[in-house]
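Chain A is fixed; fit chain B onto it per the hints.
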Amino acid sequence: MKGLFLIILFSQSLLLHAYDLGFVSVPDMNQIMEYPSDVNPEWPLELIDIAKQDYTRNTKASFCMRPPEMVDTVVIHHSETSSSATPAYINELHLARGTATDPWYMIAYTYVINSPYKGATVPTPLVTDGRPIEIAGAHAGSNVFIPMDSEQAKIWADKKILCGKENEVPTFDATLVKNGKIKANVTTIGVVINGNYAPFAKNNPGGYSKRAPRYPTDKTQDMIARLSCQLQKKYPRMKYIKWHNYYHDTSCPGTIKSYIGQIKTLAKGYGCDFN
Amino acid sequence: MRFQLIALICILSLNLYASDDKAMKELFENYDKVIQQHKVELVDEVFTKKFLTDNGGKEEFVLKVKELPKVKEKKGLGSLLRKWKKSKTGKIFFANVNTEEKVKESPTHQSQFVVIEEDGKLKIDGTVSDGN
Chain A
1 MKGLFLIILF
11 SQSLLLHAYD
21 LGFVSVPDMN
31 QIMEYPSDVN
41 PEWPLELIDI
51 AKQDYTRNTK
61 ASFCMRPPEM
71 VDTVVIHHSE
81 TSSSATPAYI
91 NELHLARGTA
101 TDPWYMIAYT
111 YVINSPYKGA
121 TVPTPLVTDG
131 RPIEIAGAHA
141 GSNVFIPMDS
151 EQAKIWADKK
161 ILCGKENEVP
171 TFDATLVKNG
181 KIKANVTTIG
191 VVINGNYAPF
201 AKNNPGGYSK
211 RAPRYPTDKT
221 QDMIARLSCQ
231 LQKKYPRMKY
241 IKWHNYYHDT
251 SCPGTIKSYI
261 GQIKTLAKGY
271 GCDFN
Chain B
1 MRFQLIALIC
11 ILSLNLYASD
21 DKAMKELFEN
31 YDKVIQQHKV
41 ELVDEVFTKK
51 FLTDNGGKEE
61 FVLKVKELPK
71 VKEKKGLGSL
81 LRKWKKSKTG
91 KIFFANVNTE
101 EKVKESPTHQ
111 SQFVVIEEDG
121 KLKIDGTVSD
131 GN
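Protein chains in written order, with this note's numbering: chain A, 1 to 275; chain B, 1 to 132.
Keep in mind that the hints were calculated from the coordinates and are not lab data. Remember, predicted model here, so these are calculated numbers, not experimental data. Note that the Cβ used here is the ideal one computed from N, Cα and C, for glycine as well. Watch out, some of these pointers could steer you wrong.
Within a straight-line C-alpha distance of at most 27 Å, the following computed DSSO-like cross-link-like pairs (lysine-lysine) qualify [unchecked claim]:
(1) B:39 x B:121
(2) B:25 x B:49
(3) A:210 x B:58
(4) B:49 x A:118
Some but not every residue of chain A turned toward chain B, in silico, with C-beta under 10 Å [as the list claims (entries may be wrong)]:
(5) 80
(6) 83
(7) 95
(8) 192
(9) 198
(10) 204
(11) 210
(12) 215
(13) 258
(14) 262
(15) 264
(16) 265
(17) 268
(18) 269
Computed, partial: chain A to chain B, Cβ under 7 Å [as the list claims (entries may be wrong)]:
(19) 79
(20) 93
(21) 108
(22) 139
(23) 142
(24) 200
(25) 202
(26) 209
(27) 250
(28) 252
Pulled out of the complex, with its shape left as it was, chain A reads as follows (with noise of 0.2 Å):
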């Protein structure tokens, strides 16, 4: 009997082992959403304060779990609703968005950015956490693919992007990549300033008025170039700024794409150097 408890004990030990050694895959999702990335010790340089938000998530959808050094580019979206609206009403609208056969698992977005339109002074400008970088987003359109380049094309190799629901074993999905390119939403981030940026149309009755046309503020650009520019300092490979309708045909993100130069020339004054 003491012998069989000794047998045990040193099986578990072994197992504890090999995890710690990596000779065991991750065994669930949880777990994953926890590995660190070490890309640039020297961090923190603080640049901007970042709020953080407890979303609700839907635990029966899927997200795809990626190393952070995956991702290379910086997607600049508006919400579209009020610019009033807080992170948790667009966890909300995102949560209830999904359908029965394709949920959303939480806000679609990394970062949200609050901030009054140009002229106005509420809301309070403010930069908060979406959902982790480590997970995939869900903003650039899911059947967008593009090119990788040769760090990216290795980790995919590497099968370090797993695809799964909380509390399950992640799996492999190849369907992430199709002819040599990959899933726009694995290798971006999405940025929301919220607001409508957009003009009034049939179909956007929150939009401007001609008389009256939206921009984002010197803060606003200001933020988008600080937060881009902490990113790249804590993640090197991130190198492009974009916007959502780089990627498909889409009114989003309205007048802040005329802005994305000068927030590339902002980020600049900051240290770093975005294409």
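Coordinates of chain B only, in the frame set by chain A:
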């Protein structure tokens, strides 16, 4: 007994759906009347108070409506209403419209209308950007 219970649930669900469907169609027909035919007296029927406040108030919204060309024939979103769905909580409805008719200022737009119940009626509370 079990069969009768299932049949009763099905009938009730269908009735609820039919009632919501009718309300949704009416809402988007009224939406067309506001946006296309400039029947701005229906603005309060169609939009939530919060939506109007967020968009500079009713007067400002009416001014925006009048910036759009007035269309006499009924060829608006009501007739283009493709599908709608209720969220699991039952508090939010999402309505999609066909995009075959491109809007010049706002190209192929896949955003969804957010509809909620206010004062016992379905009303538009805004839209949410596309993405997935």
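For each hint, the structure was consulted:
1. Of the pairs offered as hints, the one joining residue 39 of chain B and residue 121 of chain B holds, with about 19 Å between alpha carbons and a cut-off of 27 Å not exceeded.
2. With a CA separation close to 20 Å, the supplied pair residue 25 of chain B and residue 49 of chain B stays within the 27 Å bound.
3. For the given pair, residue 210 of chain A sits about 17 Å from residue 58 of chain B by alpha-carbon distance, which is consistent with the 27 Å threshold.
4. A hinted pair counts as satisfied when its Cα atoms are at most 27 Å apart, and residue 49 of chain B with residue 118 of chain A qualifies at roughly 23 Å.
5. A distance limit of 10 Å between C-beta atoms decides the matter here; for residue 80 of chain A the minimum to chain B is near 4 Å, and the interface restraint holds.
6. The beta carbon of residue 83 of chain A is positioned within 10 Å of a beta carbon in chain B (closest approach about 8 Å), and the interface hint is therefore held.
7. Checking residue 95 of chain A against chain B by beta carbon gives a least distance of about 8 Å; that is within 10 Å, so the hint holds.
8. With a cut of 10 Å, the hint placing residue 192 of chain A at the interface with chain B holds, because the nearest CB-to-CB distance is about 8 Å.
9. Nearest Cβ of chain B to the Cβ of residue 198 of chain A: about 6 Å, under the 10 Å cut. The hint holds.
10. Given hint, residue 204 of chain A at the interface with chain B, holds; its Cβ is 5 Å from that chain's nearest Cβ, closer than 10 Å.
11. The interface hint given for residue 210 of chain A is met, as the beta carbon of that residue sits about 6 Å from the closest beta carbon of chain B, less than 10 Å.
12. Nearest Cβ of chain B to the Cβ of residue 215 of chain A: about 16 Å, over the 10 Å cut. The hint is violated.
13. Checking residue 258 of chain A against chain B by beta carbon gives a least distance of about 15 Å; that is not within 10 Å, so the hint is violated.
14. Hint on residue 262 of chain A is violated. Least Cβ distance to chain B is approximately 22 Å, over the 10 Å limit.
15. At about 22 Å, the closest approach between the beta carbon of residue 264 of chain A and any beta carbon in chain B exceeds 10 Å, and the interface hint on this residue is violated.
16. Here the hint on residue 265 of chain A is broken, as its CB sits about 26 Å from the closest CB of chain B, past 10 Å.
17. The beta carbon of residue 268 of chain A is not positioned within 10 Å of any beta carbon in chain B (closest approach about 28 Å), and the interface hint is therefore violated.
18. Hint status for residue 269 of chain A relative to chain B: violated, with the closest Cβ pair at about 29 Å, above 10 Å.
19. Checking residue 79 of chain A against chain B: minimum C-beta separation of about 6 Å stays under 7 Å; hint holds.
20. Hint on residue 93 of chain A holds. Least Cβ distance to chain B is approximately 5 Å, under the 7 Å limit.
21. A cut of 7 Å between beta carbons decides the hint on residue 108 of chain A: the least distance to chain B is about 6 Å, and the hint holds.
22. Evaluation of the residue 139 of chain A hint against chain B yields a held restraint, the C-beta minimum of about 4 Å falling below 7 Å.
23. Hint status for residue 142 of chain A relative to chain B: holds, with the closest Cβ pair at about 5 Å, below 7 Å.
24. At about 5 Å, the closest approach between the beta carbon of residue 200 of chain A and any beta carbon in chain B falls short of 7 Å, and the interface hint on this residue holds.
25. Because the smallest distance between the Cβ of residue 202 of chain A and any Cβ of chain B comes to about 5 Å, under 7 Å, the interface hint for this residue holds.
26. Residue-level restraint check for residue 209 of chain A holds (minimum Cβ-Cβ distance to chain B is 5 Å; threshold 7 Å).
27. Residue-level restraint check for residue 250 of chain A holds (minimum Cβ-Cβ distance to chain B is 5 Å; threshold 7 Å).
28. Given the 7 Å rule on beta carbons, the hint for residue 252 of chain A holds: about 5 Å separates it from the nearest Cβ of chain B.
Going down the numbered hints, you'll see the structure goes against 12, 13, 14, 15, 16, 17, 18, while the others check out.
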